[in-house]
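Place chain B on chain A using the hints.
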Amino acid sequence: MSSDHDHHHHHDHDHSELSETELRVRALETVLTEKGYVEPAALDAIIQAYETKIGPHNGARVVAKAWTDPDFKKALLEDGSKAIGTLGHVSRVGDHLVVVENTPERHNMVVCTLCSCYPWEMLGLPPVWYKASPYRSRAVKDPRGVLADFGLTLPKDIEIRVWDSTAETRFLVLPMRPAGTGGWSEEQLADLVTRDSMIGTGFPRTPGAPS
Amino acid sequence: MNGVHDMGGMDGFGKVEPEANEPVFHEEWESRVLAMVRAMGAAGAYNIDTSRFYRETLPPHVYLSSSYYKKWFLGLEEMLIEKGYLTRQEVAAGHAMTPGKALKHGKFDLANVERIMVRGKFGRPAPAAAKFNIGDRVRAKNMHPATHTRLPRYVRGHVGVVELNHGCHVFPDTAAMELGENPQWLYTVVFEGRDLWGADGDPTLKVSIDAFEPYLDPA
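Chains A and B supply the protein sequences, listed in that same order.
Counting from 53, one number per residue, gives the positions in the first sequence under this note's numbering.
Counting from 23, one number per residue, gives the positions in the second sequence under this note's numbering.
Hints were generated in silico from the structure; no laboratory data involved.
Note that beta-carbon positions come from the ideal geometry of N, C-alpha and C, so glycine has one too.
There could be a bad hint or two in this list.
[Said to hold, decoys possible] Reference listing, derived: stretches of chain B covered by chain A, where coverage requires no fewer than 3 residues with Cβ under 8 Å from a Cβ of chain A: (1) 109-116; (2) 127-140; (3) 166-174; (4) 193-202.
Chain A extracted, bound-state conformation:
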């Protein structure tokens, strides 16, 4: 792949590189549009959905429901896609979503070492760190070191199970319900569920902590 111009702007290298990418992306979109392959408004709609509709709030609702409804939790752990399909507006989930439960004996963590597979429908688009080399390389070998980067320490004898998403299955961690939340509603509980707690690189917020 050849670059259109190879000269460098010494004081503004990053900026010029970015601008070149922007120009190339625009050129590609123009060609795709002119050739009749895509409608730009349809691209806008995709972007809008990921920016506004699809995010960790979907997964948080599922987790909060599992914390309050034992039958739902059982169904969720047996067949995540099917159980989530029974819930109103978060029902749009693909096949083969596997929900894995954290317990006092076992902590689950999800990674995709080969690319960036992630349960988009439940969590939205993955954060940069999830897609970047440090996490992808270390999660399967040194998960406790990775958790330390997030400021997390686990008991030294707890089992750590890392799920490498190497196929079209997707994994969602069901974190443990925080203590001190007896009698809380699903809505209140959902506010405690963080994105990272559903990847396994964080814990839910505890009652009273700032959100």
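Frame of chain A; chain B shown alone:
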């Protein structure tokens, strides 16, 4: 292929750096790239395995020094050129020079947006009975295809236990090369951390992959 994308267990990439209040996209062009990749895939220009293979075949120095969506962009552009959907001249000029070629599922317009908000279906009817049962010990093959595979290097040659059976799925190794869906049984196989990383490995660690049947031998 044994590319740099197959990162499990590599050292030296440094700390994980979470970003507080991270935006969905850091630059507007990233969102256009994401949308184009999704749209052209949904229109039938390529399947997800082929698009992964094009990112993996970026030269290692390009792969490692490009941001995530830059890799998506570079893979997309090259794939569309090689599959004949556009030409290098058109990309360089920033304009179409000939009409587009037919897409399997037609132009991607607004009416198609809703259907791509749910992941595609990869489960397929079983062409044969499963070879392995839950609880079976299996060895990940020592195989090194130069083409696309989803068997990471860090498990090859190691013995694990079948934990889940996900049914038959599209086989990425052939789908990526446009050699057919060739459905295969898919299993979650779990390995002991110390079997993978040696005696110095974390004794509390277990790692699983989802492995297609052709990746596995009985052990």
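Here's how the hints hold up against the structure:
Only when three residues or more bring their CB closer than 8 Å to a CB of chain A does the claim for the stretch 109-116 of chain B stand; here the count is 5, and the claim holds. A stretch counts as covered by a chain when three or more of its residues have a beta carbon under 8 Å from one of that chain; for the stretch 127-140 of chain B and chain A the count is 9, and the coverage holds. For the stretch 166-174 of chain B, the proposed coverage by chain A is satisfied: 3 residues have a C-beta within less than 8 Å of a C-beta in that chain, meeting the threshold of three. By the rule of at least three residues with a Cβ nearer than 8 Å to a Cβ of chain A, the coverage given for the stretch 193-202 of chain B is violated, with 1 such residues.
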